[in-house]
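*Asks:* Each residue of the sequence shown is one higher than the one before, counting from 1 in the numbering used here.
Hints should not be assumed to be uniformly reliable.
As the list claims (entries may be wrong) - In silico DSSO-like pairs for lysine-lysine, Cα to Cα no more than 27 Å straight-line:
no., residue 1, residue 2
1, Lys-279, Lys-346
2, Lys-209, Lys-279
3, Lys-241, Lys-162
4, Lys-81, Lys-209
5, Lys-249, Lys-282
6, Lys-94, Lys-75
7, Lys-132, Lys-81
8, Lys-86, Lys-209
9, Lys-345, Lys-241
10, Lys-209, Lys-126
11, Lys-112, Lys-162
As the list claims (entries may be wrong) - Now the in silico label distances, taken between C-beta atoms and shown as ranges:
no., residue 1, residue 2, range
12, Lys-92, Asp-329, 10 to 20 Å
13, Thr-130, Ser-85, 20 to 30 Å
14, Thr-118, Lys-209, 24 to 34 Å
Hint data in this document are derived by calculation from the structure and do not stem from the laboratory. Quick caveat: nothing in here was measured; it's all calculated off a predicted structure. For glycine and all other residues, C-beta sits at the position ideal for the given N, C-alpha and C.
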Amino acid sequence: MYKNPKLTFLILLLILILNGLNNSPAYSKSQKNTNFNKSGVNLFSTDEMINICIETDIDYLLNNRCENCTYQNAKLFYLDKHDCSKISLNIKVKPRGHFRLNPKYCEFPPLKIKFLDTNIKDTLFKNQTTLKLVTHCNGENYILQEYLIYKQYNIFTDFSFKVRLAEITYIDTKGNYEPFTNYGFFIEKTKHMASRNNAVNVSVDKVDKDLLNYNYTTLIYLFEYMIGNNDWDIDLGKNFKFLYSDDSKSYIPVPYDFDLAHIINPDYPNLSDIYGNEKIEKPKFRKLRRNKNELTAVFNIFKYNKNNIFDLYSRFPYLNYYKEKEIIDYYKQFCKEIRRKRLIKKIFIYSDKKK
């Protein structure tokens, strides 16, 4: 972010036009370009990246960081591709989060957006009242990798948060900063995710493990291990939402917040405060009492979707080739571990002798 005393509406309009003209196609090659029209297509119905501008008081946003901070006035702009008109929405924004809320770790905080206009039913943000926006933190492209982890979990189950990638230009209303652009992504509201799964959002911090769906719990343990994430605790409900499924008559844990996964390995400042060193180490598989047959059933889900995972990364145009290869090689190691009997016994089979 760079300071500049002058900022005009022309800059804003130019950014929107250029972003609209240069917007990359959806990385799912079979995906039709159907969003941004006035019929109100669902925000999460396509993978195509959206270009938006958020105009607000940047200094106040950066200095108003607290877990219960107040909203501030803002505007959100985007171009409707149906007729190239500029859509302008009155919104409110505020910093949110825990770890990334702290300026010690992130220069720019995650945001919560509150929509004010009554006519959003004819916009991209139809049916949205508030939305979480995951932002760039310190400007690195770790945000893209976290986005892809959400998309990856979507492959395994519908009991997962949908996300929508965005390229966001931030405009300072006070003119103290030049416009700056970074990636971010919107996260589906929990109640919407629950509704499309015929489930109910359970507003509790944790659920007794004995009441959790057995197979989904196994899936989560393996998924968190596959991405090398240690920043979760299903017993305490850390980085989980819980749904009650009418279909399975059980509680479904839904994970979120993957930025500290080893596969991303973010270079956040002051990580030693949390981990004792400046680098995230790959965690061991957490002990889970499952027999070989129970694990194998879930291993098969990963094996079946292996190519879908690789395609997700190979079709995604915003990661460079070397990072893409590094991530795919990381997952290939996991595929090797769930395929070989010796490694399965060594890594995944828990017994009282292993402590």
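*Asks:* Each hint needs a verdict: does it hold in this structure or not?
*Replies:* Consistency of the hints with the structure:
1. Note on Lys-279 and Lys-346: the hinted pairing holds, with a Cα-Cα distance of about 25 Å set against a maximum of 27 Å.
2. The straight-line distance between the Cα atoms of Lys-209 and Lys-279 is roughly 31 Å, outside the 27 Å bound, and the hint therefore fails.
3. The suggested pairing of Lys-241 with Lys-162 holds, with an alpha-carbon distance near 14 Å, which does not exceed 27 Å.
4. Proposed proximity of Lys-81 and Lys-209 is contradicted: the alpha carbons are some 47 Å apart, above 27 Å.
5. In summary, the hint linking Lys-249 to Lys-282 is not supported, as the alpha carbons are separated by about 35 Å, beyond the 27 Å threshold.
6. Restraint check for Lys-94 and Lys-75: the C-alpha separation of about 13 Å stays at or below 27 Å, so the hint holds.
7. For the given pair, Lys-132 sits about 24 Å from Lys-81 by alpha-carbon distance, which is consistent with the 27 Å threshold.
8. Under the criterion of a C-alpha separation no larger than 27 Å, the hint pairing Lys-86 with Lys-209 is inconsistent with the structure, at around 49 Å.
9. Our distance criterion of 27 Å between C-alpha atoms is broken by Lys-345 and Lys-241, whose separation comes to about 31 Å.
10. Distance hint between Lys-209 and Lys-126 is unfulfilled; the C-alpha atoms sit about 36 Å from each other, more than 27 Å.
11. Of the pairs offered as hints, the one joining Lys-112 and Lys-162 holds, with about 16 Å between alpha carbons and a cut-off of 27 Å not exceeded.
12. Here the CB-CB span from Lys-92 to Asp-329 is close to 43 Å, at odds with the stated 10 to 20 Å.
13. The hint said 20 to 30 Å for the Cβ distance between Thr-130 and Ser-85, and at roughly 25 Å that hint holds.
14. For the pair Thr-118 and Lys-209, the beta carbons lie near 44 Å from each other, so the given range of 24 to 34 Å is not met.
Checked against the numbered hints given earlier, this structure breaks hints 2, 4, 5, 8, 9, 10, 12, 14; the rest are met.
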